[in-house]
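Colleague: Fit chain B to the given chain A structure using the hints.
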Amino acid sequence: MSDALVEVRDLVKHFPVTRGIVFQSQVSVVHAVDGISLDVRRGETLGIVGETGCGKSTTARLITRLLEPTSGTIRFDGEDITHRAKRHLKPLRREVQMIFQDPYSSLNPRKTVGSIVGEPFAIHGLESGAQRKRSVQSLMEQVGLNPEHYNRFPHEFSGGQRQRIGVARALALRPKLIIADEPVSALDVSIQAQILNLLRDLQRELHITLVLIAHDLSVVRHMCDRIAVMYLGKVVELADSDDLFAHPRHPYTGALLSAVPVPEPRSARRRRGRQVLRGDVPSPTDPPAACRFHTRCPKCQDLCTVQEPPLEAKAGGNVAACHFPLTDAEAEQHLPGLTASGAGG
Amino acid sequence: MTDVAETLLEVEDLRVQFGSVDGPVKAVDGVSYSVERGQALGIVGESGSGKSVLNLTLMGLTRFQGARVSGRARFEGRDLLTASDQELRRIRGDDIAMVFQDPLSSLHPFYRVGRQIAEAIQAHRDVSRDAALLRTVELLELVEIPSALERASMYPHEFSGGMRQRAMIAMALANEPKLLIADEPTTALDVTVQAQILELIRRLQGELGMAVVIVTHDLGVIAETVEEVAVMYAGRIVERASTETIFSAPEHPYTWGLLRSIPRLDLPRDVPLVPIPGRPPSLVAPPLGCHFHPRCPYVRDAHRRNDPALEHVPGDPGHEVACLLPAETRRRLWAQLRAGKEPAEARAAVGMGGASA
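Chains A and B, in that order, give the protein sequences.
End of the first sequence sits at 345 in the numbering used here; the numbers just go up one at a time, nothing left out.
End of the second sequence sits at 702 in the numbering used here; the numbers just go up one at a time, nothing left out.
Okay, chain A solo, but in the shape it has when bound (with noise of 0.2 angstroms):
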């Protein structure tokens, strides 16, 4: 068979907008999917980024199938698992599991973390007494955990900690995916860059396929063998890591690597005055037609207001929704300084 974990084929996930209470009437659809094509290979780590709105994690409820999607179909090893319903479900939550971005709010503040970490098991009914709390101890140690920390509650952990749970908890089941929504964010740069290694070391380690969504490009592009970027609900550049940080095509993709902050004072000058993308994400209960990106787009021509391009590649072995992609030139100009001073450092 293939070597995609997961196919997502023409996705579609539209979120209705209603009024009244007891005469319920539609009044608008949120188009938070909107037909997305993409796979997640065996043993790769896929980074998803975009900014708030763009769909990146009902991506990720989709997949996991906490959603139901409206359309399109979702192949999960093979099986088709779209319209799966809910009491067959269980399998597969044993092989995809997920890690939330809110260490606070992600774990019951009621129950130790042995038995967090040790719930899985007993969903699943496996393992138990003196077995289970052995395996517990095992996978919290493997995320270093003390393991002697067993019967404490979740208040008595910092945040980094509490991610570390979350991680554990993943872990449990050995499953074949994790979906890991925005794990770090909530995190202090200085306990950021210690969860990112753990996941790093443990993908590597567990040959664990491993979908990262984060709206932090620095922290994707370390992380990820190959990244999708979404805007308003589409896909509109997938590409492998290297590739889409050397050369974007998408000029939103372009527009979001000038917009990141570069810790260097030099390149941050020389960036100065560069294009900035104006205005704000369109609403998407009603986004605008054809190419998503035209009304904030710099390269906008007749063309992209009435025809939708299609997710196609591009030079360099890109893929991207565009009409009118970036030039080699053109993507240099939205480097954060790579070539002229970093490289050497």
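Some hints here could point you the wrong way.
Claimed, not checked - The calculated SDA-like cross-link candidates involving lysine to any residue, where the alpha carbons are at most 25 angstroms apart (straight line), are:
id, chain 1, residue 1, chain 2, residue 2
1, B, K686, A, N197
2, A, K314, B, R614
3, B, K686, A, D201
4, A, K299, B, P491
5, A, K111, A, A85
6, A, K299, B, E544
7, A, K314, B, F445
8, B, K686, A, R200
9, A, K299, B, R614
10, B, K686, A, K314
11, A, K299, B, L545
12, B, K686, A, Q101
None of these hints come from the bench; they were simulated from the model.
Modeller: Relative to chain A, chain B alone:
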């Protein structure tokens, strides 16, 4: 007015303590610095480093929380800490203005945005309501809000996150403050919007000649906006230098740790992240000696007992650091770290956060 060498704000040995069941929390523990007219200063630190409490105290916003404040904070010769509430009300929003992290909770949801800005003007200037509203529209145009006239009569929920932050900046600028304090002004915003807001703050600082203090945890934001940086750790300033120096020749092991723990777009992808081991200390019972010593890879025995003062770095009058390592040692260590080598004297295992807590 635009004399750059003139000191606008001078903070001396500022200490802020809050009562708690476990004992007093030393949120700010002896901080001294100054801001010149028209200068842009960055204060960088993690949560709990005291950077926000420091600025809230200057604005008199910690007065009613059982806080014990000592030290001095002179703004144009007036002491902000001993000023009466009435005096402070006059300074706040007029001479010193503040922009907070979360624009939605800083705006009143029931009142139109324009009215809230006009209120800030009328609180300090004796002008008619119409004149204040006229000025409001001007301010909204200044911060690049499109169709400012219509926007002024909208409610905060009708604004996007970026626009709300622009409105907050407009409100802060209403009375042409001499000092603008921005506490994590872009943390709640997306990167493209963040870039817009940072550019706006930079432009306004230049055009209006006001001093700006930007408080942030993001070294990228620091590099892009300010000329001077103070690094805070556990309620103290541990290093202060020009932005250029902080990034090219930092002297404090904590600053090294920060710089090495963030993934960077301007360096090759395979540069490993080196986290700072452990976690920030308790502010109720901070470690003896250097507050950073439990997490410092280069700690010597004496550092566990002696408390370093913020001192000038030999050879650079604009660079101060609070570290007990000899200057030559610090330079040698940074040179090695910069070249991607792990210095031999780094302790192999500084208790990891998970194992030692």
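Colleague: Report the numbers of all earlier hints that the structure fails to satisfy, in ascending order.
Modeller: 5, 7, 9, 10 and 12
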